[in-house]
Structure formats: structure tokens, C-alpha cells
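Protein chains: 2
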Amino acid sequence: MFRTAERTAHGVRLIDQRKLPLEETYVELRSPEQVAQAIRDMVVRGAPAIGITAAFGLALGAKQTAAAQPQRFSEEMERILAHMESARPTAVNLAWAVRRMRDVMTERLANGGDPDDAVAALEREAQAIHDEDLAACKAMGAHGAALVPEQATVLTHCNAGGLATAGYGTALGVIRGAVEAGKRVRVLADETRPFLQGARLTAWELLADGIDTTLITDGMAGSLMRRGEIDLVVVGSDRIAANGDIANKIGTYTVAVLAKENGIPFYVAAPMSTIDFDCPDGDSIPIEERDPSEVTELFGTRVAPDGVGVRNPAFDITPARYVHAIVTERGVARPPYVTSLAAMRER
Amino acid sequence: MFRTAERTAHGVRLIDQRKLPLEETYVELRSPEQVAQAIRDMVVRGAPAIGITAAFGLALGAKQTAAAQPQRFSEEMERILAHMESARPTAVNLAWAVRRMRDVMTERLANGGDPDDAVAALEREAQAIHDEDLAACKAMGAHGAALVPEQATVLTHCNAGGLATAGYGTALGVIRGAVEAGKRVRVLADETRPFLQGARLTAWELLADGIDTTLITDGMAGSLMRRGEIDLVVVGSDRIAANGDIANKIGTYTVAVLAKENGIPFYVAAPMSTIDFDCPDGDSIPIEERDPSEVTELFGTRVAPDGVGVRNPAFDITPARYVHAIVTERGVARPPYVTSLAAMRER
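In the order they appear, the protein sequences are chains A and B.
Going by my numbering, the final residue of the first sequence carries number 347, and the count climbs one at a time with no gaps.
Going by my numbering, the final residue of the second sequence carries number 347, and the count climbs one at a time with no gaps.
Derived from the structure by calculation, the hints contain no laboratory data.
Idealized CB from N, CA, C, for every residue including glycine.
Treat the hints with care, since some could be wrong.
Claimed, not checked - Derived DEER-like restraints, expressed as beta-carbon distance ranges:
(1) Glu-76/A - Pro-149/B: 54 to 62 Å
(2) Thr-25/B - Pro-336/A: 25 to 33 Å
(3) Glu-229/A - Gln-69/B: 46 to 54 Å
Claimed, not checked - Some chain A residues judged to face chain B by a derived CB distance under 7 Å, without partners named:
(4) Leu-207
(5) Asp-218
(6) Met-220
(7) Gly-222
(8) Val-295
Bound-form chain A, shown alone (with noise of 0.2 Å):
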């Protein structure tokens, strides 16, 4: 079974997710600038994922600034802290799990502790992050799989999969949920360009559990609606607005409107960590445009003539009144969901 990511004894190791599937690689990344610059790179990404390596980063941050004196430690973590909240700015798992790492930082030093009592602090919560994402995305596989039919053709989009979290996945962790609940359950993956996280991951990673799956380009799924071959689409999030409008992979939104045309039920499974309740609607999500190179080459071959514009931004919104639920490991949160997640939170 393959590790998204783990601390090591010196350093952050990662699966190299853009390897796959054809080589199942390890990076291991000697500190936090490096782990910043992998989470740019996209060797890991994936919302939850993205906060766990983050902390981990953080940690290993931590540990190579200990032998500073306090006041030293204390300058040179905010630095780090800042620079890992740099690197991807629509996901918000990343700039959570920094808050809850510097606010670890801050508790420990504000109460008396040294450097060392805040790094050995440190490397516990980011070993925490990672070990609730996991129990949350399996809560989320129990909860969500309630929501699919004994016998279902769910059709995801991009990868919300263990790789994309600590493992199980939420999306995909869904889906786990439903075939360990014994359902019968057929993937369909969209390729999901340009990045072919659908391809390259979901596709590897449900067939590694012997989950049926096949593949089809974002551009057939609508098509297979209108002829009655989805049952329901279950997606990730990497930002959930208070109002349940949905952050996710550029493409998402198009999978909604095809799902409420065709009847089709359209569900977003995500942990809490991904509803940030300081963000009113899906307008105040700051969306990420990538480098052009990620839609006019395809491994090193240029594939349109030079000169055309490209756009690239790499996540839309879905407004809320297009999912018909919400799934986190909390429950199955339904409409109006200003209602819905803000109770979900006090629970």
C-alpha cells in the first residue's frame, strides 16, 4: 500500500503523484523550502494532503531551527510558516494546517517552553493532522456511503483518493465506503485535464483495490448522463464556502451542471478542515491560474502552435444549489447549508 506522505527521521517523504502510474516513486525532501516547493509542483497534491505535508514540512522546519535561542526560533518558524502558506493559495487545508501548527508554536513557547518543547509539540500535531485525516476520511467512507445505491455507476472527477489525503480518500473514500458496505459499485473516472489526475491517479488507485473503473475525458461524462449510465457523481473540495458553494478542480462545475440536467445526484465529500467558515460564498475563494506550459505540452511535446493564448486556472465553484449533499465525518450535511455546516461545526 502505497504512503502519501510520512515524516522520516530527516526529512518529509512523498510519492511522486506525478510518476504514476507508470513508476510507483519516493521523493524524500531534506526541508521546509523543499516541501514548499513540492507542494507547487504538484508531487503532492490533493486538499487534505496538501495540509498534511505542510505540516509535516513544518515540522521538520522546526526541528532544523531548535538549537536557535527562543526569540530566534520563534522569527525563523514565522518565516517558514508564511513561505508553506505561499505555495498553493486555493486549497484551505494548507493555510489551516499552518494556523493550527503556529498556534501549537505559540501555546508552548507563550507558556515557558523552549524551542525544544515546541518542536517535540510540533511534530506531534503534524503526526495528528495525518492521523485524523485518516479517521475522518474513513467516517466520511461510513456516512457517504449510505447516499449509494446498492448496485451504482458513480462517476468522480480529478482525484479525491488516499493520494490525495493521509489514505481511503474522501471522494474515493465514499466509494471505499460503499464497497466495503458490499454495494456494487462500477467507477467512472473523467481523465480530468490538464493535470490527468483521473488517469494517472484515481484510475491506479481504485484498480490497486480492485475497484471496477474505467476511464473516459472530461468531455464524454455528459453524454454517458443523457444515455442513463451514471447513477451519482461524488467529488472532493479543497475550499467549502460557509454558503456551500464547492472549490474544486477546474472541470467540477461542468460535472454539476450535467448531473442537475440529467437528474443526477451531485455530492461533495470533504473533511471539516476544508469548510472555511470565515469565506462567505464561492466569490471569495481566490482561484489559482497555472503556468500555460500544463495545457499547450503534453510530456515534453507541444501540442498547439506558438502564439495562441491559453487560460489555466485550476479550480471553479460549483454555487451550492447544485449539491445535493455534503459529506464530512461528521455526517451528510443537505440544503441550505449555512444551516446545515454551521450546526455541523457546533456538533
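Dock chain B against chain A, hints included.
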């Protein structure tokens, strides 16, 4: 200026569309079997261009068979006609061109013509099919330009351009017509997986004409519509049923649904030869399913794990209710198409 397809002294010459945009190379085919194979392999694609290429290939076949006795000539030509017609199933223009060529041959031989007479008539007919298509595209451009605002961002899918026709194009003909009418048009081109006709062909031929063109992946169009960045959609078609249902490149239905959801007009441009009056509706149109490797491999690099299932329908059906107008060389048809298209046929 490129030439999509032309008859040479001893063959049929095609621009090799699989090599674009990196290389502008031409292949010369020396038998009707080679022409049929080039259609199957998508050296040439686009419904009108397939019809034209098939007609040239049949003229070539007739010339090579001319020495035979009339009875042998007729039998051999029937074999060639049937083989050519089987090259691709969805585009009706192929069957239409084959039927037109067969009718010319039959008429000549029935009226006492010898094979040499038939060959000369078939050569003229093939050239007429080519020339009429070019004229039809220019007429479509003139009619369709009226649908484009003075300043507009136009989304198109796949390639319905000069490369899909004798030149000028159907959907891109409408865009060219609008530009020639002095309108300020910006084009957004869906890359159109799996074959990337948008990235490779549409962007190439529009940039060659100096038209402002921006490339996006297929999953981005919806989000850009939602953000108000697209004013209208225009696409081509491979077959139009009598009721106005549209067969076109996979992903077209998705674009149509997104346009409807966002209140954006969705137009189809195609010559009268694309309308199959014998076909009552879209469900009667055969949909070609192509090789899985088009989805799982990109330039020889495998992007999906072994063992994954693959669907690869090359076309989809867009029900007529999503189509705001159909532009042909005879004008602009509006719903209900069952009457407006029939009336257009009578003109």
C-alpha cells in the same frame, strides 16, 4: 494557405492533420484503399472534408479501373464505393458523397457511356463536391455573421474549420465571416480530447488568419461561461437529424448544456449535405467508438494504469432543444427544425 484535400495527377493529396501544428506536411495517396485508410486513421477528419476526400478517392479509383470492360468496371466500382463508405460511420457527408458519385456513375453507364465517360464525369463530380463545399462555407459565413455581436468572445469545440472542409470552415466560417464583416471577435477553443483538434487544428488555422485565439481544456468552458466570459457558442456537425438533433464531436452536448444553463446562445453551422432527412432523430445516428489507446496514450506515453476500462465514443448527440439556430449555405434555420429544415431543403 493550406489545402485540406486535392486531386493530383496520380493520387489524392491531403495535409496530414495528425502532424499539425508542429509540421505542415502532405501525404499523397495512390489508391482508393489508401484514401479510405487515411479517413479511418484521421489523416483527414471533419464531416465535409471526409466527403470531399472520399469523392476524390472514388475518382482516383475510377481512373485506375477505367481500362476494364463496362460490366467489370461497374462491379469493381461498387466494391470501391462500399469500401469507402465503411471508413467512418457517423458523418453523413461520407455516405452522401458516395451516393452522389454512385448516381453519376450509374447514370453515365445507363445512358450508354463507356468507362472513360464515367471516369470523366466522376472526376468532375468530385471537383464539384469540393468547390460547392467551399462556396457553401462562404455562404454560411455570410449568414452566420449576423448572429455574432459587434464585439464577442466565441467558444468553439473541436475543429469545424478550413481543415474540416474544402476551406474556410463551417463554425470557423461563421467566425471568419464575422471578422470579415468588421466585428471584433475573440475565440476560445476547447482543446477537445482525446484527439486535441481544438489545440492542434483550430488554434493553428485561426492564428494563421490573425484571429485572437485562446486555448482552454474542455473542463474550463463551463467556469468561463459562469463568469460571463463567453458570449456565444458555434460548432459544426457530422450529422443533423430531420428534427434538428445534432451529432458532433464528443463533448459538444456538454457545451450545449452549459450554454443553456448560462443563457448563452448555442449555434450549429453545417452544409445542407450534413442534414440527414432520412434520420428522424439523434437516437438513430450510429456513434463510432474508437480505439481505447486514443484515451490512454499521449504521444506514445501511457497515462493510465494497465487494466483500466476505457470508453471512447467519438461523437455525442445534442438534442435540438439546446440549439438556438442552425446555419447552412441557404440561411439560418430556427426551431422547430422539423419544419424549418424541411423548408430549407425545398428552397
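(Q) So, against the hints stated earlier in the document, which numbers end up violated here? (A) Violated hint (a single one): 2; every other hint is consistent with the structure.
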